[in-house]
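Colleague: Chains as they are written, first to last, in the numbering used here: chain A, 1 to 505; chain B, 1001 to 1394.
Since the hints were made in silico from the structure, they are not lab data. There's no promise every hint is true.
[To be verified] Which chain B residues stay away from chain A? Per the calculated CB distances, all over 10 Å, these:
hint, residue
1, VAL1199
2, GLU1366
3, ALA1371
4, SER1385
[To be verified] Only part of the chain B face toward chain A is listed, based on derived beta-carbon distances under 10 Å:
hint, residue
5, ASP1034
6, ALA1042
7, LEU1080
8, ILE1126
9, GLN1153
10, VAL1155
11, THR1194
12, ASN1231
13, THR1236
14, LEU1296
Fair warning: this is a prediction, and the values are worked out from it, not measured in the lab. All C-beta atoms, glycine included, are put in the ideal place defined by N, C-alpha and C.
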Amino acid sequence: MKVVIVGAGPAGLAAALAARAHGASVTLLDAADEPGGQYWRHLPPERPSANERILHHGWQRFTAMRRALEADAGCEIVMGAQVWAIERSDAPAQARTEAPMPAAPVVVHVLVGPPDGTGRAGRTFRPDALVLATGAHDRTLPFPGWDLPGVFTAGAAQAFAKGERVAVGQRVVIAGAGPFLLPVAASLVATGARVLGVFEASRIAGLVRGWLPKPWQLIGAAKKGGELAGYVGTHLRHRIPYATGRAVIAAHGTDRVEAVTVARVDANWRPVPGTEQRIAADAVCVSHGFTPRLELPIAAGCAISSSRFVEVDEAQQSSVAGVYAAGEITGIGGVDAALVEGELAGHCAAGGSPGDPEVRRAAKARTTFTGFAARIEAAHGIRRGWTAWLDDDTLVCRCEEVPYGRFRETAAQTCGSGLRSMKLTTRAGLGICQGRVCGGTVEELIGGGPETAAGGLLDQRGVAATTDRRPIASPVRLGELAGGIGPTEPTEPHLSKPTVQKGHQ
Amino acid sequence: MISDIVVVGAGIVGAACARAFAQSGCRVVVLDRDAPASGTSAKGEGNLLVSDKGPGAELRLAQYAASLWPGVAAELAEELGAEFPAIEYERKGGLVVATTGEGARPLLDFAASQRDAGVDARAVSIAEALELEPHLNPDMTAAVHYPDDAQVQPVIATEALLASARNHGADIRPFVAVTGALRDATGRITGVSTTAGAVPAGAVILAAGPWSGEVSAMLGERLPVRPRRGNVLVTTRMPHRVFHKVYDGDYFGATQSSDAALQTSSVVESTAAGTVLIGSSREQVGFDERLRVAALREIAAKALRLFPFLAGASIMRSYGGFRPFMPDHLPVIGADHRTAGLWHASGHEGAGIGLSLATAELLVAEFLGRAAAIDAAPFRPDRASLAPYLDEVA
Ligand SMILES: Cc1cc2nc3c(=O)[nH]c(=O)nc-3n(C[C@H](O)[C@H](O)[C@H](O)COP(=O)(O)OP(=O)(O)OC[C@H]3O[C@@H](n4cnc5c(N)ncnc54)[C@H](O)[C@@H]3O)c2cc1C
Ligand SMILES: Cc1cc2nc3c(=O)[nH]c(=O)nc-3n(C[C@H](O)[C@H](O)[C@H](O)COP(=O)(O)OP(=O)(O)OC[C@H]3O[C@@H](n4cnc5c(N)ncnc54)[C@H](O)[C@@H]3O)c2cc1C
Chain A
1 MKVVIVGAGP AGLAAALAAR AHGASVTLLD AADEPGGQYW RHLPPERPSA NERILHHGWQ
61 RFTAMRRALE ADAGCEIVMG AQVWAIERSD APAQARTEAP MPAAPVVVHV LVGPPDGTGR
121 AGRTFRPDAL VLATGAHDRT LPFPGWDLPG VFTAGAAQAF AKGERVAVGQ RVVIAGAGPF
181 LLPVAASLVA TGARVLGVFE ASRIAGLVRG WLPKPWQLIG AAKKGGELAG YVGTHLRHRI
241 PYATGRAVIA AHGTDRVEAV TVARVDANWR PVPGTEQRIA ADAVCVSHGF TPRLELPIAA
301 GCAISSSRFV EVDEAQQSSV AGVYAAGEIT GIGGVDAALV EGELAGHCAA GGSPGDPEVR
361 RAAKARTTFT GFAARIEAAH GIRRGWTAWL DDDTLVCRCE EVPYGRFRET AAQTCGSGLR
421 SMKLTTRAGL GICQGRVCGG TVEELIGGGP ETAAGGLLDQ RGVAATTDRR PIASPVRLGE
481 LAGGIGPTEP TEPHLSKPTV QKGHQ
Chain B
1001 MISDIVVVGA GIVGAACARA FAQSGCRVVV LDRDAPASGT SAKGEGNLLV SDKGPGAELR
1061 LAQYAASLWP GVAAELAEEL GAEFPAIEYE RKGGLVVATT GEGARPLLDF AASQRDAGVD
1121 ARAVSIAEAL ELEPHLNPDM TAAVHYPDDA QVQPVIATEA LLASARNHGA DIRPFVAVTG
1181 ALRDATGRIT GVSTTAGAVP AGAVILAAGP WSGEVSAMLG ERLPVRPRRG NVLVTTRMPH
1241 RVFHKVYDGD YFGATQSSDA ALQTSSVVES TAAGTVLIGS SREQVGFDER LRVAALREIA
1301 AKALRLFPFL AGASIMRSYG GFRPFMPDHL PVIGADHRTA GLWHASGHEG AGIGLSLATA
1361 ELLVAEFLGR AAAIDAAPFR PDRASLAPYL DEVA
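Using the sequences plus the hints, can you model the full thing?
Modeller: What follows is the structure, encoded as structure tokens:
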């Protein structure tokens, strides 16, 4: 039994251990240089830090998992391994191991090596079972000035803090929505930044509806409740103002951020006129939620729910037999949920069942995490009114530099067009990030977003258009594609300025 | 008002027909089950080629189309104003090269035959070819320059034609799928039934691209349009180093064969946005959208033979669609000879963007009983080359 796992974050690591425990041979692939995923980002082993355990919840668990897998000859860990395509194969591969169940109908195409180096080697896998644990990156809504240097996604800021021990600024404002704003503030404080405030767009009423009805679930299920309390404690110690119902609606500066405007927003996230307040800051970190990395599950043929997660059963199996999914791509639940789902996915991918005694605790814990994502969405989900803070010059798509005014004008001119046409007439979403940053925004602006059935620029009438379909999951050189022919010269790097950096490649 | 027309399909062919009929005074309703410009017309390239067509009916149609594009491009720009994105019409010319010893002669002979048919096809020396395309692999055996090859951005062109049709009174209804025909006692088609109710019409123009076969069957007539899949690779933006549409002579083999097996030819061109498009494959796999890495690899290898410098270019996206393929390699344009009230504008395979304008003009001429600019008989549904396929059991 051969199990391939994509993603060595919490979910992928847990899946690898469980699959090994159930006797499968495992290949664990991750594009990053080091395992750990978004959560356990850390300094490279050449530059170890005594502080990792302070910066990371569950650090010991991580090092134990990592050590066990590295010491295990039955688990091949391939870092720098970019899965660039998943092909669906209906024909079963020949020469399989003693597969007790039908093999996953997929071929996994991987390039191994530094992404900007010249000599990436191609590898191809036809596993008996595939576990996808590709995580999510955080999502940022555009606002005037968001393309200035000094504006970061919260994930990128946290990655710098955790992975490089660098604070993105001296006087930092954190804004957006979601419980993950708090750990970002904590990471920044730990690296010496002064956090001027955390501005949560959702209002207390929303938070009460989402979080407070069942706080026992959070506390009881995992350490999450305790963890949040820890963050609040950090806030109190450092006197960080935490305000709800407020948003950063503009960033100002000439060459980089010098100040931001914060305003009250109503329950629909529409700025309340007259409440604007200017705060001098040299960095702003924004995150309005998460975007699961769905390109591989979509390529593998997995059914995606209306809330844009991979649909899985109690074995973490997707709609495609033999293809499993775990972690952030199945729902936003934090690190503890990712670990539990990963364990179940790995165990079942290796031929086990969710009722087996080895995974009883995981199966039980999983049910407690169910609904967490829905509660986060209820409490912190993006509300329609945010578009009111856009002005005509705000870039909707930074890669292709498409301003909101032009986007709206084109929509009006072509009245009634769909996502594909809007992308190709405005170029929004066609740049180097392939809509990873702006895809959700574009969908919402034209009315295709999940919570915006009415009131978008255009009426999509339920068409399942999505920017998440990317058959080529990450850039491939033409020479690599042609097969082994090395590039003769590098191409010019991307032309637009990557000021808001994503936490991931 | 002369007549009520229903156009089925808001791809570029339906858009061109809607505009032409609306301009000639008909009341036009365009129905699409999806958003406009989201079918094949949004999934290919926008080459307006004469270079790839040998002497014959399709070349004449392409030459006619090439003569229409500059005027229509100017009219659209004038009519729609600066607010509307430009359709990026550009007569940038094509350069076709042979990369093998055996390939040289057929390419030069083909060009000679095209010259006899009035195509500006200039055999150029290798040195001249390298002047036109300095980054081309110098290791080629023959080259022909076609100054009349042009391009448009197909989605913007489709939207522009629809916008113009709208200005002339056409009603474009997205997300309405046609499900069947309305008929009178004589069997004449008098409209369509749709997911949004019945839409009566004096004539129904079927312009549903690769789905025309399926929709034609719903309307009660057989039409042998089949999907022929194609994929294109897109690089990240890079400095402009490809100046024409450059392709290898293999292209002819691929367009004119009906083998289901994978065929590729490389067509390399830069877009106004700074990306390079590398196409394309031809596969008959039904409406199967699944990625096939083997097809992409072959496109890549062929492109590198033309432009070795592209080895380092990053491919950030691949997309593809289904060309509406006809078994006798000609589009079907004109009144159905079996059922009154049904008209066809389908089956343009890999040339529908270019041929759309000419198709619309031929249809309007036939519909209004005007003289057409070229002989439309080779494209009529009752042509002899199509007859065997119309008789096949569905
Ligand atoms: C800003 C921020 C703050 C957070 N704070 C907290 C917190 O305080 N508490 C908490 O519980 N959770 C927190 N989280 C969430 C936590 O990081 C996630 O729950 C957890 O990391 C999810 O684990 P995962 O394994 O699903 O995905 P990830 O950790 O994201 O791992 C996915 C891995 O897949 C790899 N990958 C993706 N695509 C490919 C591909 N095509 N080829 C090869 N490899 C690929 C990536 O390189 C990555 O290593 C935070 C997240 C963010 C962004
Ligand atoms: C990879 C590739 C490259 C290409 N390159 C070129 C090129 O360079 N130059 C060129 O000229 N051509 C090219 N083509 C071909 C060109 O794209 C097509 O010939 C052309 O787009 C066909 O246009 P259409 O309007 O007939 O079809 P489509 O654009 O497919 O429009 C048909 C419409 O009918 C609608 N429809 C289907 N069923 C129904 C129903 N039941 N009810 C209502 N509506 C329905 C569909 O939703 C669709 O919008 C290429 C094609 C591909 C795939």
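Colleague: If I take the minimum Cβ distance from SER1385 of chain B to any residue of chain A, is it greater than 10 Å?
Modeller: holds, 34 Å
Colleague: Under the criterion of a CB-CB separation shorter than 10 Å, is ASN1231 of chain B in contact with chain A as hinted?
Modeller: With a closest approach of 9 Å, the ASN1231 of chain B hint holds.
Colleague: Once the shortest beta carbon distance from THR1194 of chain B to chain A is found, is it less than 10 Å?
Modeller: THR1194 of chain B check fails; min Cβ-Cβ to chain A is 14 Å, beyond 10 Å.
Colleague: Should the label of ALA1371 of chain B as a non-interface residue stand, given a Cβ cut-off of 10 Å to chain A?
Modeller: holds, 34 Å
Colleague: Hint check: is the beta carbon of ALA1042 of chain B less than 10 Å from a beta carbon of chain A?
Modeller: Result: holds, 5 Å to nearest chain A Cβ.
Colleague: Non-interface claim for VAL1199 of chain B: all C-beta distances to chain A beyond 10 Å?
Modeller: holds, 17 Å
Colleague: Verify the interface restraint on LEU1080 of chain B: the C-beta must sit less than 10 Å from at least one C-beta of chain A.
Modeller: OK, holds: LEU1080 of chain B within 10 Å of chain A, min 7 Å.
Colleague: Checking hints one by one. Is VAL1155 of chain B an interface residue toward chain A, by the C-beta closer than 10 Å rule?
Modeller: With a closest approach of 4 Å, the VAL1155 of chain B hint holds.
Colleague: Over 10 Å to the closest beta carbon of chain A is the bar; see if GLU1366 of chain B clears it.
Modeller: holds, 30 Å
Colleague: Quick one, is the GLN1153 of chain B hint okay against chain A at 10 Å, beta carbons?
Modeller: This interface hint holds because 7 Å falls under the 10 Å limit.
Colleague: The hint names ASP1034 of chain B as touching chain A; please verify it with the least Cβ-Cβ distance against 10 Å.
Modeller: Since chain A brings a Cβ to about 7 Å from ASP1034 of chain B, closer than 10 Å, the hint holds.
Colleague: With a cut-off of 10 Å on the beta carbons, see whether ILE1126 of chain B makes it to chain A.
Modeller: Constraint on ILE1126 of chain B not satisfied, violated at 20 Å.
In this structure, the earlier hints numbered 8 and 11 are contradicted, and the remaining ones agree with it.
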